[in-house]
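Start from the sequences and build out the full structure, keeping to the hints where you can.
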Amino acid sequence: MQKPTVRRRAALVVFLEFVAIFAAGLLVLEVCMNVAGVADEEFLDIEPVTGWTHMPGRSYTYRTEGYAQSVINSHGMRDKERTLAKPADTYRIAVMGCSMTEGTQVPIRDNFCSLLEDKLNASMSGRKIEVLNFGVSAYSLGQEYMRLKHLALKFKPDLVIFTARPNSLLYMGHDPKQGFFNARPIFGIAGDGSLIEDRNFQKHWLASSEGQRKQATRWLRYHSRLWGVIGKSSAQITLFKEECQNKLGSLTARRPEIPEKPVQAPQSAAAAKPVDSAGNQQSLNSAQMYLGKVAEALVKASNAASKNAGSKFILVYLPSTLKQRDLNEQKIFSEIASNLSLPFLDMNPQFDLLEKRDHKPLYFRTHFSKEGHEQVAESLYAKLRGCM
Amino acid sequence: MLFNSLNYFLFLPLVFVLYWATRGTTRKFILCLASYVFYMSWMPVYGILIFAMTAFNYFAGLFIERNRKNDFLFYFVICANLAALAYYKYTAFFIATVFDALRQVAHFVPSLQVQQTPVVEIVLPLGISFFTFEFIHYIVDVRKGDRPLRNGLDFTLFAAFFPSQLAGPIKRFQQFSIQLDEEKALKPEDTVAGLALISQGLFKKIALADNLAPITAQGISNVHQLGTLDAWLMMTAFLLQIYFDFSGYTDIGTGSARLLGFHLPVNFNLPWIASKNFVDFWRRWHISLSSWLRDYVFIPLGGSRRGQFINYRNILVTFGLSGLWHGAAWQFVIWGFIHGFLIIATHEQEKLIQKVRFLQKIHEHRLAIPLACAGTFVVSLFAWTFFFAHSASDALTVVHSMIIPANGESNLAEKLLQSPFLVSFTMYSVYGLLFVDVPWSNWSDRTRAIRAAFEQQPARQLACIACAFIAAIAFSPALTVPFIYFQF
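Here the protein sequences come in this chain order: L and D. Reminder that position 379 of the first sequence reads as 379 in the working numbering, one-by-one numbering, no gaps. Offset between the second sequence (1-based) and the working numbering: plus 1000.
It is worth saying that the hints were derived from the structure and are not from the lab. Each statement offered as a hint is correct.
Computed, partial: chain L to chain D, Cβ under 8 Å: (1) 21; (2) 22; (3) 26; (4) 35; (5) 37; (6) 237.
A virtual CB, placed ideally from N, CA and C, is assigned to each residue, including glycine.
Dropping the structure here:
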């Protein structure tokens, strides 16, 4: 029989061997993942003003839809490196938007902002044109407004293109299920029609365990691909949990009762969820009407901020696949432009035509393909030639 | 429930704990229940089908034992099993073939009015091809004189055992029942070996096969735009994909069985790098199916001892049926026949080598085996087009693109470079060089010391297994791809 101390020492040696080999394996894996460009899709960082922004200097490979290797510039934009000071004799266009504008599914050179810049530079002699891409994944109109005010206008743009993505209104509310997305500020309107900035949900989320964890692991998220694997796994686990909850919910939940009268328009965007927890669709129109008013206030504020900085302003409603299309929302944005007398471009009719007539693959699943970006650039170019 | 799903990785530890926490009949009952939960999580109603077929074959086995000379009973049971398989797998194919034939006849008989082929929507029960073959093997062996399983729970478990239920390996009841009767104890070496197989299988499936899937899918959906390079690339990708997919599935199944103390038959033995010819290939690829076809089709037809003509006829029939088993479409039958002819060609080649001294000398050269393996792989690239393509004409288009030099528009090479496959494949190759014996290479002699160092200490193996799990997740694509062999 071995003495207990000898056994303990042997166990310790075995344990240390395990740790050493595991650590060496992880190191090799980190290198291999780096070479292959995997597990680095986490490129967003928490930021107090807008909720989140790109990680400056981060390089990543995106494969979920399409394929692109990208490097975020030093200002936290998915764009080539730009100087804050506007070069002499340069006309600057700032494009505000969400993932549709960010275009992480295609290389930066194939993004509609880059293509538009090339087209304008090729056609306009004498003046240099810069088209700056301020699009960030999952941004709401409120976040676009904050990014415009706190970052884009510092670049002294001559023109601001304020894009609204399909289902923009859905992104303006608060949804406790959405985790990281609760870092976004929520906007509403007061009784006198003025814009209210609500940071309560953001503060609450930042103080939550998930929020704390995101902040504490900032360095790892920036630098470690192994951490990316953990992020990837936890996203899968979250999806799985939701799937289980939905399955269990559908087994146990009672069929929701549909109210006879339409629900009153909610007073805060935070409460204005187009679909309530019971899946009740009856409140959709009233919620949309309210969120439409908030959207109008945000566009108005963005236009005012741009005007104050000496920039022109255009509202663009980006196209979407028919599956995602919301005709009410399309109408709301057209009315906003008309109420505020803004130049407006709705790209949906043109995209529909191209898809039906030419069978062009303009989208991957949700976002623009290379052909889609080319078409957006083409439409914007046609519109801008008259405005500039 | 898929082996590469999160559900399975919650299900398996739960079964593992419950299994080892119990003994005797309770343990078997838990395993049986788990197997039915596993199967019915996909489509509950088909649980009744597998149970009904199990009950039928259980009682049939007992009857046949008492009436071994009753041919009618025996053939009735075999036909009943085949009828179930035919109904679910071949009804649509049969109806389409009949209507196609009638349409051909209508060209010559103008008065014959042929309606549109009716749409038959029968969902193929997962694994039916596999468990039907296990039932047939059981019935045939009982008739030959083996003792049937008297314990109904044992037989139910043989039919439903979840690690091999959906895509094999096709088990033999004699070996399985011995393992069922053993009083098992949880052994660390079984657990480590099981985990190693599972991590290896998961890596093969999600880090290798699934990263090739978009390349092959893009290629096959644009067969008419394929250039020569694209066609070769697509077929190479497909052969690797199907191997990693199916052997990955088998590894996870075999590893899961090993965690529960069971040893399942080996199904793959380096088919793409160690097959010297097509006879050798079918001893290394889907071994449990090949041996089943040998024992229950080829030998009953007369085998190889009744003259060359009968032997070759039997080879062609066996491989034709093998093709039809793989898929209810003519291109699979053609694929089967091509393999039959390649086997015959191999036999003829061997005879020729024995006769011609010069060929014997070439055959004995040290490079002969690696070159023969490479040759087998290249011929496979052509033969498997019929397995991969949606139709025989698509397969011929691919073959044409492979032979006649042309430029294409598919850019599969670019897609391959964008995928993380090349890095994951390099990682797998390094692992292979260190831990796998390749018959024609003496490289493994040099790595023996490394292998021994890992084999001595399970903790070292566990550390590597943990890294393999992480690597599999890291290199997996965003979209899950179903196992290819599920459709069979």
